[in-house]
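Peer 1: Residue numbers (the working numbering), protein chains in the order written: chain A, 341 to 680; chain B, 341 to 680.
Where hints are given, some of them may not hold.
Covered by chain B, per the in silico footprint, the following chain A stretches (three or more residues, Cβ under 8 Å) [what the hints assert, rightly or not]: (1) 472-481; (2) 591-598; (3) 617-627.
Below, a list of computed lysine-lysine pairs in the DSBU-like style, where the Cα atoms sit at most 30 Å apart [claimed, not checked]: (4) K419/A with K419/B; (5) K455/B with K648/B; (6) K419/B with K533/A.
If you are wondering where the hints come from, they were derived from the structure by calculation, not from laboratory data.
Even glycine gets a Cβ: it sits at the ideal position worked out from N, Cα and C.
Protein chains: 2
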Amino acid sequence: MTNIKDIARHCGVAISTVSRVLNDHPDVSDETREKVLQAVNDLHYIPNTSARNLVRTSSDTIALLVKGVSNPFFSKLIKVIVREITLRGYSLELHHMDTSEDELLIGAQLANERKLIGILFLGGRFNYSPEELALINVPSVFCTYTNTFGNLDASAYSSVAIDDKQTARFAVDTLVSLGHRRIAILADNTDDKSISELRFQGYKDALASHGIPFDPVLVACAGTFSDMGAIHRATSELIARDDSFTAIFAIADLMAIAAIKALTDHGKRVPEDCSVVAIDGLELSEYTLPTLTTLVQPVEEMGLACAKTIIERIEKHGENRQFTFHTALRSGGSVRQLDR
Amino acid sequence: MTNIKDIARHCGVAISTVSRVLNDHPDVSDETREKVLQAVNDLHYIPNTSARNLVRTSSDTIALLVKGVSNPFFSKLIKVIVREITLRGYSLELHHMDTSEDELLIGAQLANERKLIGILFLGGRFNYSPEELALINVPSVFCTYTNTFGNLDASAYSSVAIDDKQTARFAVDTLVSLGHRRIAILADNTDDKSISELRFQGYKDALASHGIPFDPVLVACAGTFSDMGAIHRATSELIARDDSFTAIFAIADLMAIAAIKALTDHGKRVPEDCSVVAIDGLELSEYTLPTLTTLVQPVEEMGLACAKTIIERIEKHGENRQFTFHTALRSGGSVRQLDR
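Model the full structure from these sequences, guided by the hints.
Peer 2: As structure tokens, this is what we get:
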């Protein structure tokens, strides 16, 4: 069994340093922190939780309730959250639910059945009311979404998300800065009171800010984030409707990959005939041809924030907080400067 | 709340037909079955399980214990299994574990804690002993693997898998039939007593059957199925070592995608300079450029077999059975006939 000394030896740091990392003390450099966490992972170190258990009540179990199963961005985020929660000596239960189910109802049921001490909701509605949220009687954090369309008081919930609207604006700005003005959007839909609507709004805002008229003909709705066939069809229909666009903003990496295939199938080369930019920053899309230009969600930092926030809420009854993360542009081969 | 009449009306079939589908009677056409299941899905029908509950013991919960989280083939299979188990009136709990953990230990613990009535293991070792398997005291099915390297009696376990060795042979045969003889393999490793070793053996068998000498120089081990960076590096090292090969057999779709990127980065066009064939048949790889030529695992049929087998074992104490599914070649743009 690996112990804390093995970790210290492996990293060439003091035992007290390892302890500081494991207990989240601030006075550790990012580099050291990363090295120690990597060693914890590689050596399969399991923290001794007996001391912590003394102050615990019913169970030590936090649930991670995941909405939808085939989102590769979620897969990575789950990995980070599982690692960070386990590292801090808590048990994590992973539960999945269908996108058609309501996370608050399922969460409330789980909390009672499993004597949970907290719930991380991975994916959910952006429009909770106070009455709905009251179903959940343990600390919770909304991961990858926040209460944009609801009416919760900021003191009533914690969330870790990106600014979907702002990120979409930035994606479109990137295309405009390369000379594009005829820019299509590939979305799930435009009124889901969720990620897709927010990114659609950001697209419209960006066009407006550059004095580019909004043209509904250039809006392609696939009705899905993950069904590649439906996304390919929506893109093909867009091309059939009006192929004068020189760029597509796809609201997710997988959608961009299916769109690039559809463009290619219709004789449009990417990026020569059409530029494509997306949001997500999947590892996969660094390996597709062309590689994707995309706004990368900081998945490591987001996962860490989810874990730390729920544990602070549980251990210290810390205040609710809303974290908004910034994305970063990862340049790939899917965009080009328009000739003037 | 949707009821069975709604389903019947929606499909234009008799209520008794819907009932037959839901209870798995054989006298229903595939077309009707599919239509009814689609409606069950679309209308969110929840089967009434009270009648069945009478004959149940402790709980109605089957666990699906998934090893590793970032395998897109698993994502699809999970969807099918969740649908099929729920449809039959049982509850499904989805649990995840790290690839470094042992599924039998975790499964035994879960079975006790959760009062499970059955466990579906999604991914696991190919080398259980009878003593190890005895840890699991509820019906179980090994999904996507079987006991190739272990010494279990066929009456002691149920499994649903493809024949990994035979499928790999078929992949290599496909390349040979197109005139390739200098064929590299991109594997996880060659002695994992698991999928990668089996597919490596199939590769060697195929070469031998065609009188092509095995050349260890052409074996690239990435040490992973999913880390795209590591797979890209392993392919680059292969190219640096010996770039005389005209084709690569990648043992999984994601590996093939990273390999195609590496080949392209080294100035080798796919399929003009190098053909690539893989195993999995992900939806994604129909949308990459070039599209992938791959052996498709029948994920719908495999998921259905997993669900039916565990339920027969639970309800009727049915005999243990091992199912071996065949894959089908899906032609893409990643292979070409060699000039003679």
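Peer 1: Quick one: which hint numbers does this structure break? Sort them smallest to largest.
Peer 2: Number 1 only.
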